[in-house]
Amino acid sequence: MPLELGSRWLVREWEDGAVLYDRKTGDTHAIDPFAVEFLCLPESARYDPAQASRMLGERLGGEIDAETLRSAIDAAFEQLRRIELL
Amino acid sequence: MTQTLRVGDLSRDELRHRLHGAGLSLRSGPLVFEIRSREPEIAENLPRLYADTPLGNAAFADFHVEVRRARGLRGWLKPQVEFLIDDRSPFQPLPRPQSFAMLEWGMNWCVANHCHQYLVIHAAVIERKGFAAILPAPPGSGKSTLCAALIHAGWRLCSDELTVLDPADGTVVALARPVSLKNASIEVIGAFAPQALFGSEVPDTKKGRVSHLKPPTDSVENVGTRAKPRWVIFPQWQAGAALEIGAQPKSHAFIQLAENAFNYSMLGETGFELLGRVIDASDCLSLRYSRLDEAIAWFNCLADEAAR
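Chains H and X are the protein sequences, given in the same order. Counting from 1, position 34 in the first sequence corresponds to residue 34 in this note's numbering; the numbering is continuous, with no gaps. Counting from 1, position 37 in the second sequence corresponds to residue 37 in this note's numbering; the numbering is continuous, with no gaps.
So that you can see chain H by itself, here it is in the shape it has in the complex:
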């Protein structure tokens, strides 16, 4: 079953990647699983790198160092911004 993110997005996730359907535009995008995690954050956290970093760090159980996490967040934000999901 697809994962429903809010009322706008539907996501199918596999180990090697994910696809997202945007109900607003009817477009489908391939995105990486970390970007899906990022989209699961509350909207306020998606636009606040410090909050995003703290929340995703907690979800990942503190296994990832802060620099790697911050870099992944920047990449996810950029990926989602480029396809106009943010």
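No lab work stands behind these hints, which were simulated from the structure alone. Quantities reported herein were computed from a predicted structural model and do not represent experimental measurements. Glycine residues also receive a C-beta, built at the ideal position from the N, C-alpha and C atoms. One or more of the hints may lead you astray.
[Said to hold, decoys possible] Chain X side only, calculated, beta carbon under 8 Å to chain H, not exhaustive:
#1 Ser251
#2 His252
#3 Ser265
Once you've looked at the hints, dock chain X against the given chain H.
Chain X alone, transformed into the frame defined by chain H:
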């Protein structure tokens, strides 16, 4: 019990009478085409390539199509034919010797552009032991050649061009129509399957030299049997290459199928959910090959493993 009347049961005169008059109604899976034409190429190839195909009920057809001589001065100097659906022509005319190929391409166009109760993908699809392998691939990848070889090695032809998926249950809807082969593939399959029956060969089409291959009788007789998608395989023929299999990321396979679909966008969320189910149920693989016998042995192993 009434016996199903098939195209091959009609006499030449009866076939011509129907083609010239009210139309020859033939059933391709769930679809009925009513075909009219006075072109000799069509009267010649239809009974050969559709011999096993059941006739439709004359009272109803999904598509009313015709291939006829194009009008105009150019057509008088160099005869051309045009394809019509409901008396409208969606394409430019083609040289008259291509009339049967034009009928086939036009019938594909009808399915791709009108059957929005299904998701229709530009991909070959074959079945064995209830499981379907979907083969999306660009022209020149050897998709139709591989498909033609497999259907003469125990696999059932669903379609060499159009993968038709039913959103209601995610199964493959078979059409079992002739396989279009081009250029050297005609000789390759002629040598691989000497029993295979070809239609007339047409040189100089936009796709090169083209001939259509009759679908195996078993495939036509079992056209109503649905198949479950089990593999999405991206084939690539390469001269001299050793058989090479690679895993394809599922998200990549999903996007490839969506991009190769004619009506994915039109189906919206339904298309997304359907393709998601297909990809969930499928191993997604790339296949590079040069030898048909090696590729077929590999396909057979897949089917054996899936059936265990």
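How the hints compare with the structure:
no. : hint   : result
1   : Ser251 : 3 Å, holds
2   : His252 : 7 Å, holds
3   : Ser265 : 6 Å, holds
Violated hints for the displayed structure: none, as all numbered hints are satisfied.
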